[in-house]
Amino acid sequence: MRPSDQLADFAREALKAGRSRDEISQALCEAGWARNEVEEALAAWVDRPFTPPIPRPRPQLSAREAFFYLLLFGALGWTAWHVTSLLFQAVDVLVPKPGDEFTGWERDWMRFSIASLIVTTPLFLWLHMRVSRDVSRAPGKRRSPVRKWLGYLAMFLAATTVLGDLVHLIYRLLDGDLTLQITLKSAVLAGVAGAIFAYFRDQVGRDDDAA
Amino acid sequence: MPRELLLPGAIAGLALVAVAVGLTVAGGPGRGKVEQRDALRIGQIETARNHVLCLARATGDTLPETLTDQTACDPGDSLQDPFTGAPVGYEKFDARSFQLCPALELGDDHANRAWVGGGQFDAGSGCIRYDYRP
Chain A
-10 MRPSDQLADF
0 AREALKAGRS
10 RDEISQALCE
20 AGWARNEVEE
30 ALAAWVDRPF
40 TPPIPRPRPQ
50 LSAREAFFYL
60 LLFGALGWTA
70 WHVTSLLFQA
80 VDVLVPKPGD
90 EFTGWERDWM
100 RFSIASLIVT
110 TPLFLWLHMR
120 VSRDVSRAPG
130 KRRSPVRKWL
140 GYLAMFLAAT
150 TVLGDLVHLI
160 YRLLDGDLTL
170 QITLKSAVLA
180 GVAGAIFAYF
190 RDQVGRDDDA
200 A
Chain H
370 MPRELLLPGA
380 IAGLALVAVA
390 VGLTVAGGPG
400 RGKVEQRDAL
410 RIGQIETARN
420 HVLCLARATG
430 DTLPETLTDQ
440 TACDPGDSLQ
450 DPFTGAPVGY
460 EKFDARSFQL
470 CPALELGDDH
480 ANRAWVGGGQ
490 FDAGSGCIRY
500 DYRP
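Respectively, the protein sequence lines represent chains A and H.
Numbering (the numbering used here) for the first sequence: -10 to 200.
Numbering (the numbering used here) for the second sequence: 370 to 503.
The following block holds chain A by itself, in its conformation from the complex (with noise of 0.2 angstroms):
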C-alpha cells in the first residue's frame, strides 16, 4: 500500500469512527505526516455529520476526455503556429530588409500555412463548442486532470514565449538593430501568444472557480 493511500484510508476509518477533523489531523501531524497532505487527506470527505463519511467528486481520466482535449490542444498549437509564420511572411514582404527577396520556396510555406489554417482553425472552433457543451452539461468534467494539465501547460508555453518576445526586443533595442521588421513580428507573436495564454486563463480560470 502506497503512503497516501494509507492515508487515505485512515482519514477514512477516522471519520467513520466519529473522530473530529481537528483529532485527526493532530494526530497524524505527530505522526510527521505534513500539514498539507493531511488536508489533502481530509478534504476527499465531505465536512458534515454523516456516516459513513460522503466522499467528494475526484478528478478522473478517460480516454475519450484525453483524445479530445490533445486534439483541441493539437489544433490550436497548429493555428498559432501558422498564424504567426503566415504573418511573419506578409511582414517580410511588406517591410523588407535590404536584400531580401521573396523566394518560390516562402511563397509555398505560405501556401502551406493557409491550408493548415483552412482546417485546424474550424477544427478548433468545432473542438472547443463541443467541449464547451460537454462542460456544461457535465460540470465534473471540468475537475479533468489532462484538461488541467495542458490549460497550465499552454499558458506556460504562451507565457515563456512572450517573456522570451520582450526580451529578444529588448536586446534588439540595446543592439541598435531594432528594426521596423523586428517590431513588427514581436507584436504579431506576442498577440498571438496573448491570444492562447488568455483562452486557457478564460477556460482553466473558470475550471477553478467551478472546483
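Hints were generated in silico from the structure; no laboratory data involved.
Hints are not guaranteed to be accurate.
Stated by the list, open to error - Under the rule of at most 25 angstroms between Cα atoms (straight-line distance), these lysine to aspartate or glutamate pairs were calculated in the DMTMM-like manner:
#, chain 1, residue 1, chain 2, residue 2
1, A, K137, A, D123
2, H, K461, H, D500
3, H, K402, A, E95
4, H, K461, H, D491
5, A, K86, H, D491
6, H, K402, A, D97
7, A, K137, A, D191
8, H, K461, H, D430
9, H, K402, A, E90
10, A, K130, H, E373
11, A, K86, A, D164
12, A, K130, A, D191
13, A, K5, A, D(-6)
14, A, K137, H, E373
15, A, K130, A, E29
16, H, K402, A, D81
17, A, K5, A, E19
18, A, K174, A, D97
19, A, K130, A, D(-6)
20, A, K130, A, D36
21, A, K5, A, E26
Given the structure of chain A, go ahead and fit chain H onto it with the hints provided.
Positioned in the frame of chain A, the structure of chain H alone reads:
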C-alpha cells in the same frame, strides 16, 4: 457573441486575417497554376540549352545564329512553349554566350530563379543567359 465564444472567435478571426494576408501576398490557386506552368517552361529550357550546345559542337564549337537548322541535333519539343506553342526565344551574344527566352507568364518573378540550373536568370526579361565552354 456569447462570452464562451469570445476568445475562440478572436483566435479564429486572427487566423482569418492571416489567411487573407497570405492569399494576398502568396497568391491563390490561379497564381499557383501559372507558377506551375512557368516551372515546366523553365524545366524544358534545360533541354533547349542542350540542343544549342549540341548544335555548337556539331559545327566546330560555334554557337548557332538561329535554331532553325535542326538536321544535326533533334530538339524534340523543347523549342516550343508546351502550352501555347510559341517559339522559345534565342539570342547569341558572342562566340561564348547566348540566352534562351521561354514565354514565361511571370517573367519578373524572382521565384523562377530557383528553378534555373546552370544559367543566370534575368528577372526583368524572363530570359536565361548561358556561357558556352567548349
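> Within a Cα-Cα threshold of 25 angstroms, do K86/A and D164/A meet the stated pairing?
Replying inline: Since the Cα atoms of K86/A and D164/A sit roughly 17 angstroms apart, the hinted pair holds (cutoff 25 angstroms).
>> Holds or violated: K5/A and D(-6)/A, Cα atoms, limit 25 angstroms.
In response: Holds, because 16 angstroms separates the two Cα atoms, which is no more than 25 angstroms.
>> Run the distance test for K402/H versus E95/A: straight-line Cα separation, threshold 25 angstroms.
In response: The hint holds at about 17 angstroms.
> Are the Cα atoms of K402/H and D81/A separated by 25 angstroms or less?
Replying inline: 24 angstroms, holds
> Are K5/A and E19/A close enough, with their CA atoms no more than 25 angstroms apart?
Replying inline: 21 angstroms, holds
>> For a C-alpha distance cap of 25 angstroms, please report whether K5/A and E26/A respect it.
In response: 19 angstroms, holds
>> Please verify whether K461/H and D500/H have alpha carbons no more than 25 angstroms apart.
In response: Holds. K461/H to D500/H sits at ~10 angstroms (cutoff 25 angstroms).
> Within a Cα-Cα threshold of 25 angstroms, do K461/H and D491/H meet the stated pairing?
Replying inline: Distance of about 16 angstroms is within 25 angstroms: holds.
> K137/A and E373/H: Cα distance at most 25 angstroms?
Replying inline: Given that 25 angstroms is the threshold and the Cα spacing comes to 17 angstroms, the pair holds.
> Taking only the CA atoms, is the gap from K137/A to D191/A under or equal to 25 angstroms?
Replying inline: 12 angstroms, holds
>> Would the hint linking K461/H and D430/H be met if the CA-CA limit is 25 angstroms?
In response: Holds, at roughly 13 angstroms.
> Is the Cα-Cα distance between K130/A and D36/A 25 angstroms or less?
Replying inline: 23 angstroms, holds
Violated hints for the displayed structure: none, as all numbered hints are satisfied.
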